[in-house]
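Colleague: Turn these sequences into a full structure, and let the hints guide you.
Single-letter residue listing:
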Amino acid sequence: MQDTSIDPRVNLPVRQKTSLLESEGRLRHVILASQFDRERIDDLCKVAEQVREIAEAPKGREELAKLLPHLNVLLYFTQPSTRTFLSFSAAARLLGMGVEHARDAEMSSEAKGESDFDSVRMFASYFDAIVMRSPKADLAERCAYMMNDLADAKQNQRSVPIINAGSGKDQHPTQSLLDILTIKRTFSRSRYEELHAQDPKHAFGVSQLDVGNKRYAFCGDVGRGRTIRSLAELLSNYENVSMCFIAPDHPKLQLSDDMRNLLLKRGVEVEEYGSLDVKAGKKWLLSTVDCLYMTRVQSEHDDNDLKTFLKTADTSGCHLTVARVHRMKPYAPILHPFPRDSRVMEIPTEIDNDPRAMYFRQARNGLWARAGLLAHIFGKDKKLADVHADFFRERHDYNR
Amino acid sequence: MQDTSIDPRVNLPVRQKTSLLESEGRLRHVILASQFDRERIDDLCKVAEQVREIAEAPKGREELAKLLPHLNVLLYFTQPSTRTFLSFSAAARLLGMGVEHARDAEMSSEAKGESDFDSVRMFASYFDAIVMRSPKADLAERCAYMMNDLADAKQNQRSVPIINAGSGKDQHPTQSLLDILTIKRTFSRSRYEELHAQDPKHAFGVSQLDVGNKRYAFCGDVGRGRTIRSLAELLSNYENVSMCFIAPDHPKLQLSDDMRNLLLKRGVEVEEYGSLDVKAGKKWLLSTVDCLYMTRVQSEHDDNDLKTFLKTADTSGCHLTVARVHRMKPYAPILHPFPRDSRVMEIPTEIDNDPRAMYFRQARNGLWARAGLLAHIFGKDKKLADVHADFFRERHDYNR
Amino acid sequence: MQDTSIDPRVNLPVRQKTSLLESEGRLRHVILASQFDRERIDDLCKVAEQVREIAEAPKGREELAKLLPHLNVLLYFTQPSTRTFLSFSAAARLLGMGVEHARDAEMSSEAKGESDFDSVRMFASYFDAIVMRSPKADLAERCAYMMNDLADAKQNQRSVPIINAGSGKDQHPTQSLLDILTIKRTFSRSRYEELHAQDPKHAFGVSQLDVGNKRYAFCGDVGRGRTIRSLAELLSNYENVSMCFIAPDHPKLQLSDDMRNLLLKRGVEVEEYGSLDVKAGKKWLLSTVDCLYMTRVQSEHDDNDLKTFLKTADTSGCHLTVARVHRMKPYAPILHPFPRDSRVMEIPTEIDNDPRAMYFRQARNGLWARAGLLAHIFGKDKKLADVHADFFRERHDYNR
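Chains as they are written, first to last, in our numbering: chain A, 249 to 648; chain B, 249 to 648; chain C, 249 to 648.
If you're looking for bench data, these hints aren't it; they were derived computationally from the structure. We put the beta carbon where it would ideally sit given N, CA and C, even for glycine. Treat the hints loosely; a few may be bogus.
Partner residues aside, some chain A positions facing chain B, computed with beta carbon under 7 Å [said to hold, decoys possible]:
id, residue
1, 309
2, 330
3, 335
4, 587
5, 590
6, 612
Modeller: Listed below in structure tokens is the structure:
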């Protein structure tokens, strides 16, 4: 497989890429957060919810495990990420898939001079899907195009779906999917009623059910964090969304120009602050937002300029405190992609028991989102819906 | 989750901790060897034996695999231990559980400043039980209390069992369980008849069936080895038990004062020797013992004083030889938690074929003990007993 | 277990070893390529083909997974090899086996002074087969003999099959098996008709169906590559086979004296060349061969003499080019055990789309070959044949 035939596709505008990554109306590869338009998000979140509801009972988990027992997935992680790794592993197992790993490629084939494409094509000989995380920015995308070429080849060639579990500093699409699933759940009527035994219209109004008509705040590593960038971009597809970005006073941590321009072009109202402890107009900023997305300021990257800044600067304005949480709306969820930094404590553990703290549930939503995604890719969403219907009809019959 | 709310429980006397680690009459977490009182040991060994007997036939293994197919366990080993790791993995698979690992936590989340509690709570989002081995002494215990707090939280929080697979220098409870299972099996009537085609009363007397009324010898790293300490403590709960401790002439290797005091307080007769090649009264020491527990003297720890001693001292008195084994009672089992040291050879390979050499069977007993433990924790012991009864009724019917 | 009782068997002539590695007419351990005589190859390739054909349908994969669901295999790789590792893992999963790994033995038991034999015997306590790859030349063989001794022991001792997944520089028997399976498939009537919609007699004549009556070329690291040595030896069992060896001009890379002597003794016609770009008589060498086996010249070994040679020598004569492939017979397959070297490009990626390029299919054949081998070892070949017959009868009935 040659890079020269792949480069033109990598250089296409994002909107043109998405159709290359689909097949027969469903996602074939999952590479870019931009593949998730509103319709797709609604569909994938519905599937994820079905997985979650079925999985609540042991018998349901046995049914789920019958969906894809004949398939094996390879988790090919040349960049370590225990959390994402385990989440994908558990999600695949939920559907009955076999799970294998390749983590230390540098120890064997790559040391022998093998190209990334040869490695991935070989892995595709043995496995039915490849979930890959790599420090190389475009690698997952390039592998997806290689798989497309193999599927199109005259001779019958093996081709499997590629799922991006984080590539370089740019894309981590399944993180965005679980973030938005968490937001949708938080603002769903049934979920709110379950948690609060109250009609949500008394709390946040019917127009705020679902993702639109809200004020979102993003705090921490606004400039570099791919989770904030991807989520903000997805949210910008919804109507009447405004966004506040709170970052320490360093250009690499603050909202980038291209991101600001993209959001403004899409009609998003954008505000920027240097601390959570400020007022927006006459009110405390935090009392005005419907959802707060916190992130860790990453200090392990090789950026001496920023490291020096972080050693001396006071970034405590970008950390949550119990007092600050008190200012928030009673229903406003606090999200965090985790890990949080236990040394600087951008979210102190005292807050974990607050009902607004959603970050652990958010992680568990990753399980449902990723399992639902795999079911979708392999065309089992219809079967899943049947299982769901049967399962709850039976429970209903049983409970009568 | 905060350490400050957990510290008081870590500092409780052991007897008070055990009830914190139980739930509805069964073990919820397995953290301390002291959780195994005589009644619990009898129960867990019965379950382990049932697993073993069912597993003998391929069809039995298929039945076992139906017990917990809907559950996934995470083996979280930040301290390497190939043997314990594989034993837990095989045990969980025996019950149909999915098995995943996290070994290199230091490479990802922890490098990002994540606390141990956040890591473990995250893992609990994806898996149904966490088997953990850590160099940090109390970590598994603290995580168990965190899980208790989550189960008690007002909002429905995810909480899973924690199983200690070795923490620091102190606790390795499942090793103690498999040790005592090996002793019980060795001294069971059916096992003795099977091996020797002879009623055991001709060999060691009916009073010696089971664990009590025996003279145990422990040899090697008496002072530091957690296996010896835990097993001796468990055995001290049985009636009429005496113990000999044989260790090289260094205070760190010899019986510690606190251990001696604990055993004496419980009425155990304690003798101490510097070599296996001595007389106890008029008889060779080894001819007087009913069970010999050997251990490796660990030299890989950072203890320069001890390293110097081990380089120059003659520790051969604490090694078995064929001649020494000849002095032993014909039924007295030789145990060793393994690995043995192939450089100093505390048990030479010539002894492996001796019918008293139990150390490889002991390892295999670990499989049954750990599978039985998982069945117990997840409330499948009743179901297992049914499978066992059905299975042997069918075989019996078939053989008539 | 003692080395002294095993040494005599390691030193036996190869022909006498093979019976030690069998049991009741089937392979018990797989250690040496020489275990594959023509009859065994025919049998194992038939089994592999059945696996492949059944696995084409999801329902077939479910049937395959019912063959060995009660067994767990350990992949014990102390020498890294991502490709072989994943191939065995996927093959075992195909039959429903559980798969576990031990890769970093040096980190735990071995650091504690445990012998290889103790480690492997321990692993056999937990798992039902051990696939091992080791830098130690005879280790797998020695472990197989240890397992034989355990099976023969008076007391019932646990003994499991050992499968060599590459040991030292010498043996990698399953690679040879998949190589020869690929050759057999390429020259089978049904396969040729499927690919070319033409009776193969028009292409290469009926006498060339199957492996014999052919001219094979081996190019690259002829002297050191164990894949070439093993395959050439297996092919020498077939009638009317001639072989050309093409290697750079360095004695360590060229055909070794012992190999040349063995082939000549078996009546193989042997030719040796320094480049693919030469004539054999009046024709281009490549236009005369029926099958070309390429290999990578390994430069990561510690051999300064050779490293210096490789830095300065022009080895391009031992690389394929599009022009050279054009000279080849239209049906002649190009094999490569992979990985190929992306820096020197012994096979440029332009050739991947040529219908003669078999190297990716060859890798996939490894899956079928290894799954078939496991089915054979555990006596499931008969059951597999039944599944195959049922499966295709049903499909046939359905299609009528």
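Colleague: Would you list, in rising numerical order, the hints stated earlier that this structure does not obey?
Modeller: The structure breaks none of the hints.
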